[in-house]
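So the sequence lines, in the order shown, correspond to chains F and W. For the first sequence, the numbering used here assigns the number 146 to the last residue and increments by one with no breaks. For the second sequence, the numbering used here assigns the number 290 to the last residue and increments by one with no breaks.
Bear in mind the hints are in silico, worked out from the structure with no lab data behind them. Just to be clear, a hint being listed does not mean it is correct.
Some but not every residue of chain W turned toward chain F, in silico, with C-beta under 10 Å [said to hold, decoys possible]: (1) D3; (2) I7; (3) K136; (4) A149; (5) A152; (6) G157; (7) V161; (8) L172; (9) N201.
Computed from a prediction, not measured in an experiment: that's the story for all the values here. Note that beta-carbon positions come from the ideal geometry of N, C-alpha and C, so glycine has one too.
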Amino acid sequence: MTTTERPSATRDPRGADLRPYLVALLATGYVLTWFLLDAPVAPSAPPSVGAARPAVAASRPAPSAVWIDELPAGARPVVSLPAGFRIAERGRSDVVATVRSAKAPAPVPRAHRIRTRSS
Amino acid sequence: MQTFRAMNTDVTVIASGDERAIVAAVAATFSEAEQRFSRFLPTSELSALNRAEGPFAASAELFDVLVRARAYVERTDGIFDPAIGATLVALGYDRSFSPTALDGPPRRVKARSGRLRDVVLDVARRTVTRPPHVWIDLGGMVKGRTVDLAARRLAAAGAIDAGGDAVVRGTSPDGGPWLVEIEDPRDPDRVLAVVAVSSGAVATSAANRRRWRAGDRWRHHLVDPRTGESAASDLLQVTVFAPTAEEADVLAKTAFVLGRASGEAFLRREDVGAVLVSNDGATTWIGAPDVREVTHA
């Protein structure tokens, strides 16, 4: 008696095996995209970052707003500030921000004043 | 720092510790005082006194204020006198003040002048008997008194500022003395000088805010009991630094009514710090307040 074994009617096993890899690939792409979108545009950025940026930039819309200190000095608009106002600096947690804040003088808390007047 | 509204002015409280609880206690103090001493509230005890005929059984708080007021009358030789209620009404100050609310036609009815000395204060019975023509207005001292009472709620360092009548205790939040700005009476956006105060009180009197038109004449709330009219003073403003806000309040009003020469002499006798601004713009410093900045000479 011959027993013939027939292959089971299943999907290509390579398809099932590829799904986790596909998910991992998509997740990696998502994370990379997220970091690239959040990274600053720096004129002195290393070539590898600069080379990757145009590809990412081409795939996302232009930002609606940029920090004025991100712009090159020659491209910054002239801003007329009301008296008592100054251009604020972003609070950043990276090394550049740490160096920048170390150079900036610590704000002196303004003493509270009582105004005496007729009322 | 928190601010609330009371006695028709902004009251700011700066306190260390449980600020919320302190502010609530301060607000309650102001509310109780307003309910008791406002002549604009028909339900106040003061209004009841002003309507009463014969001896009026006063609360301990009202009687205490009247006794203190009587002492100030003697101390200022009658220049400070709360028995001006009828005069104020005759001048047009017949409701709580707000800009233009008191403006009206000229008033030709003059009230008979009242004197607190004519009011009988029976200490044993704690009754008050006033002549019918004498109406009492405690606006000249109650705000300062209330600031003093409220300041007892401050645990340690802190400040209470009620529309410019203020008490400060300890050090300010930055660790130094409290800095008091003296407003320029000619321009509320400018400051005449900044004075450092470690602990004490300050009050300012001027005719630049609480004033109204009666026909083509300006009238204001600082009444001269000698004339029964708004004081025709050659001073724009008087600021007094004193141990209590009540005292600063009374002395500032008195000096304003007296005018520059007599007011200066009066304040020097009282041995308090003060800043007088005259109509001609001159500034007179009395005592030795610790001045940090001066904008005008």
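The hints, checked one at a time:
With a cut of 10 Å, the hint placing W/D3 at the interface with chain F holds, because the nearest CB-to-CB distance is about 8 Å. A distance limit of 10 Å between C-beta atoms decides the matter here; for W/I7 the minimum to chain F is near 6 Å, and the interface restraint holds. At about 8 Å, the closest approach between the beta carbon of W/K136 and any beta carbon in chain F falls short of 10 Å, and the interface hint on this residue holds. Violation of the interface hint for W/A149 is found here, the shortest Cβ-Cβ separation to chain F being roughly 16 Å, above the 10 Å cut-off.
The beta carbon of W/A152 comes within 6 Å of a beta carbon in chain F, closer than 10 Å, and the hint placing it at the interface holds. At about 4 Å, the closest approach between the beta carbon of W/G157 and any beta carbon in chain F falls short of 10 Å, and the interface hint on this residue holds. Given hint, W/V161 at the interface with chain F, holds; its Cβ is 7 Å from that chain's nearest Cβ, closer than 10 Å. Hint on W/L172 holds. Least Cβ distance to chain F is approximately 5 Å, under the 10 Å limit.
With 10 Å as the threshold, the beta carbon of W/N201 comes within range of chain F, its nearest partner Cβ sitting at about 6 Å, so the hint holds.
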